Structures are given as C-alpha cells and as structure tokens.
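Peer 1: Same order as they appear, the protein sequences are chains E and A. Position 171 of the first sequence, counted from 1, bears residue number 171 in this note's numbering, the numbering being contiguous throughout. Position 335 of the second sequence, counted from 1, bears residue number 335 in this note's numbering, the numbering being contiguous throughout.
Bear in mind the hints are in silico, worked out from the structure with no lab data behind them. Some hints could be false.
Claimed, not checked - The calculated PhoX-like cross-link candidates involving lysine-lysine, where the alpha carbons are at most 25 Å apart (straight line), are:
#, chain 1, residue 1, chain 2, residue 2
1, E, K55, E, K186
2, E, K95, A, K95
3, A, K290, E, K9
Every value quoted in this text rests on a predicted model; they were computed, and no experiment measured them.
There are 2 protein chains.
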Amino acid sequence: MQIENLFIKRTKELPADATTSGHKLALKGGYIHQTGAGLYTYSPLGFKVLQNIEKIVREELDAVGCQEMNMPVVSPLSLWKETGRESIDVLLKFKTRAGIDAVVNPTHEEIVTDYVRSILQSYKQLPQSPNSLCLYQIQTKYRDELRARAGLIRCREFMMKDAYSFHTSWDDLNNFYNIILNVYHKIYDRLGMKNVIDILAPTGDMGGKISHEFQMVSEIGEDTIYTCSECDYRANKEVLTDKDADDILVCPKCGKPLNKLRGVEVGNIFQLGDKYTKSMSVAYTDENGKKQIPVMGCYGIGVSRVFGCLLEQSEDESKAVFNMAVAPYKVHIISIGDGEAKVLAEKLYADLTSAGIEVIIDTTDDRAGSKFANADLIGAPIRAIISPKNIEKGVFEMKYSGLLKEYSEQISINNIFDGVMEIIKKEQ
Amino acid sequence: MQIENLFIKRTKELPADATTSGHKLALKGGYIHQTGAGLYTYSPLGFKVLQNIEKIVREELDAVGCQEMNMPVVSPLSLWKETGRESIDVLLKFKTRAGIDAVVNPTHEEIVTDYVRSILQSYKQLPQSPNSLCLYQIQTKYRDELRARAGLIRCREFMMKDAYSFHTSWDDLNNFYNIILNVYHKIYDRLGMKNVIDILAPTGDMGGKISHEFQMVSEIGEDTIYTCSECDYRANKEVLTDKDADDILVCPKCGKPLNKLRGVEVGNIFQLGDKYTKSMSVAYTDENGKKQIPVMGCYGIGVSRVFGCLLEQSEDESKAVFNMAVAPYKVHIISIGDGEAKVLAEKLYADLTSAGIEVIIDTTDDRAGSKFANADLIGAPIRAIISPKNIEKGVFEMKYSGLLKEYSEQISINNIFDGVMEIIKKEQ
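Chain E extracted, bound-state conformation (with noise of 0.2 Å):
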C-alpha cells in the first residue's frame, strides 16, 4: 500500500470524549471513525487489524475443534421469551413490518439453543471432552447501553466471538471449559496482550454456576478486581461484596489481605448449565434410551474491545505498537528525497509484495519528521528507512518497534531484501 493512497483521517483535533490514551491513538491515527455514539467505522487500516485479531482467535479455537457458523444479528423476539430473557436492559427490540416482535441480539445463547435443539438426538452427538461440541461465531453485536466510552472499550455496536458449548455431564463440561481457559490465555498471548489474568467472576444476567473473567488490568478499567497478596485467589469485586465496600477485604481462601486493581474485561466464560438448555426444551437419548437434558457453556472475546486494549497498552497516543501477528502492515518503508533511495524503496516495496509480505510504503515528498511520525502510529514492527546519507555509507537503516523490544541495526544496501526478510522470519 502506498501510504497516500490509504484513505484513512489523521487527525489532532480529537473529541473532548477522546480521554484515555487508546482512545485517542485510535482517532489520531485513523483506525476508526465514529459513526455515531458508540457506533464506529473500521477504517482500511483499522480493519486489517481487526482481521488479524479474528484470524488468531479462530486458528485457536479450531485447533480445539470448535466449529465455526454464523447466526442472525436480527431474531424473532419469541426466542428470547422461552427463557425469559426477553427484558434485559440491553435488548434492543422492534416490530418488523410483517408484524413479527424481533430483536438485534446482544448475545446469542437464545439463538444457539434453538440450533442445537433443532438437530440434537442422540448422545453420540455430544463427543466427551476434548472432542465436545463446540459452535462459535465472530459477529456484530448490539447492546442499547445508555453510556458508551472509551472508543472500543465501551461500544454500543462491538465485535464478538461468541462460543457455546454442549455436554452430556457436568465432568465433561468442566473439563471443556479448563481447555476453553488456557485456549483464552494462548490467543491473549498471540495477540500480544501483556497483562491479562483470569479472575473469578459473578454468573449475572447469564445464570449458571462457575464464571471467570479476562481482565487486562489497567487504570484505564471500569471493573474492580482483587488479587490475593499470598496465593492464587483472584476474583472480581462483584463475587465477594454485595455491598459497596471500598475498604481492602481478606482473601476468603488464606485469610490474607487482597490487592486491589483496575481491569478491562476483555472475555469471559460460564459454565451456564441447563437454564438455556432446559427452558428451551433441549433433550438428546442417553446411553439406556433415556431423555435428558445436555448442560451448556459459553465463551466470549471482545474482539473489538480487544482492539482498543492492544490501543491503550501502546507507548502513548502517538505510538501504536503491535506484535507482528496483529499489525495491519509488517514493514513500513520510507525513503528520504526523490534520487536512489526511492528507486531502492520501490525495488524493495515490490520485491517484499511479491513475497506475500503486507507492506506499506511512503516515498512521498513530506518532511523526514512527518513520514517517522506517521510510521508511528501505523505501527509496523519493522521499519526500513532509505535516505542518500545512509547510500553513500552503503547501508540502510532496519529499525524493529515490537511490545517486548526495539532496536536498529544498519545493513548493506546490497542486502537489503534478504536484510529485511531475515528480521522478518526471526521476529514472526
């Protein structure tokens, strides 16, 4: 991609709503465009790393057997009513012309169960863990929240990966949620996300017994988390005070005091049992002939929310920083000045097309300062700066920016494509 031919908004001039760090970086460099309150445009380059964020995830969960579909973003309210969910704050709800009450979904349990029930008969079509049966989808939701913040922290309009899983006993579900709990914290890894734990959590609006949480913890969070200062109990403020207690409270497993932190929930997972299953009428024959009703659970990533998070853990607002896996571009090529370096430039900006690398290139006649300063916040972790000074030395400069290091090294002009593929595979 030619860099002036990316129809993206670099701007300074950012919203007064514009107050953590993500924020603004996702406005001051392009990525999204807010349509309306809480409802945001994904720029082409915004979008590119939405994509390799949902390439990552969806490698992850088939790699466990998930199967990937897609369901309606719209449904008949009549779904929502067989469980009685069908006045959760966040419902939006409408009646279509023909008449129909419908419903934008803000989470799909309803939609799934209805699915399922409409092929499950038999036991042997709920595999026992690991092979259990696992549906999932990466889609538009909708929540009609009242307050929407922090850019993609906090949309009205988000996207979700969305897993549920089916079982015949309780043994198979909870060892299918433990696979499900380290399938999470190996996509967080992937994605380069530094410092995200999983904490107990409260079952809510989704019934069911054990919950945990992801939280990136950061100041920036809404949810309140206590970790325990001796041993592994972590959990959200929610499960252990019904009260408002702003005091530091005692770990409930060793007695000892509990650390207080802020996070942004970034997935979550229930065991959700048979609310969803038995309201809706789900049975499958046993091994005897006999009917029974499958246990369920559920898995969420906000992929988009996930997006902001990698936004707000970058170095500041006018510095993205990804991992080579989630960047939008690889290798951000710059040449200094109109003679050599430029030909070098499109020499290696083709040369690095053609093998498949996505790359992005700025040979254009603005400032060396504005071009570095643009590279900054379109986040490639590899940088190949080509200027006539470095020329005559015979070198050009390869600069790598990733989450865990940077450095910079000079390399042969003579070298310069090998140069550049060999950090390529070496930081992949």
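Assemble chain A onto chain E, guided by the hints.
Peer 2: Just chain A, lined up with the frame of chain E:
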C-alpha cells in the same frame, strides 16, 4: 472433519415454503437453519461456503485497489435524513434507550459518504481511474421486507458486499464503473455461476444515471429480463416500460424482437453522480483551489444470495455441485467396512489434512448408499471411495463431480495420496 462430528441437520421434512430446488437443498443438506422468517443461521457447513465466496470477492476487489473497511450495522437516523431517504420502506427505524433515533442499515451510501467527508480535502486523495478511491465491506444487512422467499434468495437479513467509489469527474467514474463491471464477471466466473448476464437496470431509489444488474438467468427469478434476438441489448423490464406490459417488446436499439427471460439479481452497480455527495456536503479542493463536489458510484453483490443461486444451479435438491474454490470440502473420503479400507482412509485423511487440504471423511457404520447420499449433499468435488473389493484389485475409486464435468478413475492403492493430489492440482 469427521462427518459424524459435523453438527448439521440433514432432513427430509421440508417446510411448505421451500419450493425451489436450491431452498430445498439448503435445508436438506443442513447448510442453513431458519431462525426466523427471512432470518437464517449458517451451519458450520454453510458458513464454509459463504467464506469461500467472500474470499473470491475480496481477492478480485483488492486486485483493482479497492480498500476493505467495516461500517456499523446500526447508525443514527440523522445521516439518512440528510439525503431524504429516511422514509424508504425497508429501512428499520428505532429509538435507542439513550433517546437517539437510529436505523439498522439496509445499505451504506449515507454511512460511507459520512466517512469520506470526514477525510476528503484535496483532489489528490481521489486519484484517476484505475487507482480511484473505492471502499468496500462484506457485512450483514437488514431489509425490513414484507415477504421473504426462497431461502437465501430473498431474506430479511443477508450478507452483502457493498463498494463505493468517489471521483473528480464523470469520466473517471465511468472508467472505474467499467472496470468493476468486468471484475464482477470475473467473480461470477470464479464462483462457478453458469448463466450470469449484465443488463441495463433502472436506478430506482438509488438515484444516479446509469445502472447495470447482474442477473442469473433462472426460472425461479423474480425479475423479468429482455434480451435482443439480434444485437447485444439486454435490459430489465422496468427500463423498457413503465406499464405492466406482458407483450414481447421490440429492441430499442435495432428494432428486432426481444426474448423474455426470468432472472435472479446477484449484483448491481450504479453511477450515482452527486446525489449523496451533494446532499451530504462532501467537497474537495481541485487543482485550481476551487471547491468541487465528487461524483460517486456504488457496487453491490448479494453474497448470501449468490450462495442460494449456487444451490439453485446444483443438480437437484439431493446433490450440491460446487467448483473446487467454493466447495466446503475439497475431498470426501468414504471407506466401506471396518478393516483395511478404514485404515487406508484414515491415513489418506491425515496426509491430505497435513498438506493443507480441506477434507471430510466418512468411516462410519452407515450403509454405503447413505454415505454416497450424504456426499452428494455436501458437494465435495473429489470423492475417494475405498472398499475391500477394490483393495483386492489393488485400486481405489476416485470420482470427480464438478460444475462442468464428471468422471471417475480407478487409481492404484499404492499411489493413493499422490493420485488424489494430482486431481486436486488439475481441477483447482
């Protein structure tokens, strides 16, 4: 994928509204599940087809420099008021809990125009065709239709690729429009759609001057198309007459009689001009420092309708026929009996999967006839059938069943992996 793990419903009990062979095949083969009237869930099998269609659409649009992005499904009604389209019948309107008038978008002209006006300043950002600015997305749309019909052919919610281009002149718009017209034919070709023609179309609600529809000629189509018996004139009935004339008309170009056909619209393209850019106050500064209004084109492909059309053009309601690029699985392995055939099948499955081929395997105890019937419903073009009888003869049976041809071969069992790979390479 082991066929017994694929969580879909194959059913013989079809609803009364499933009247076309494609709609029947979609349900019988378990590609979709009806969540509500005109609201479908794509099963793990159906979603694979949908993704394969999307991949081809993406590749061809990216190849001509279009930039993928993503706009919200829900938007403020205020954007629709700017163009006076707030009263079109399929527009679903609602009030949010926060008191904002909002819509579920049936199309995104207003939304993309709002994005573009937030960025566009100079003519330099609108390069001449073929490098024109064109933004697109593949996304869920909702149209509040009074009647849904024929499964994926006319849904309320559907998957659409919508692209929008912006230009400094009608000439550039026209050039780019013709590029996209050719890209569309390439897309339909690659998808294996047999009988798609472009015809002159009315501009209708969209405004603008010139429009073409891409119609799959089919008896199940809702649209009436006229094609000239002599020259290349082809048009939608609505272009030719305002009356509900049932008579054969005469070609307006050469005066010869017209043929009357039925078609399903699988794409449409419009030269919109300044209808949206003018009413929404989009402006750029030209070479002379003068403010100008850009002209605009828009380009849609009904991705889920294309899926429906591919099922319609399949052999019948019991046999899906896809090309290699679109098929949910490329190879379907069937073993008969429990002994060596099963072992060889599993070995072939492991080897093909390692080679990155999407394979489905049936080593179940089902009757051979039932296995073949399921393979017909799934529509993998290549089938490898391994039976004790053929093993005795030192061979296995390889069947290819694609869009344009069918053939079968007996290949040496010693050569099983290479034999299948050779067919894959030949037919890809």
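Peer 1: Compare the structure with each hint and give your call.
Peer 2: Here's how the hints hold up against the structure:
{"no.": "1", "hint": "E/K55 - E/K186", "in the structure": "holds (13 Å)"}
{"no.": "2", "hint": "E/K95 - A/K95", "in the structure": "holds (12 Å)"}
{"no.": "3", "hint": "A/K290 - E/K9", "in the structure": "holds (21 Å)"}
Going down the numbered hints, you'll see the structure goes against none, and every one checks out.
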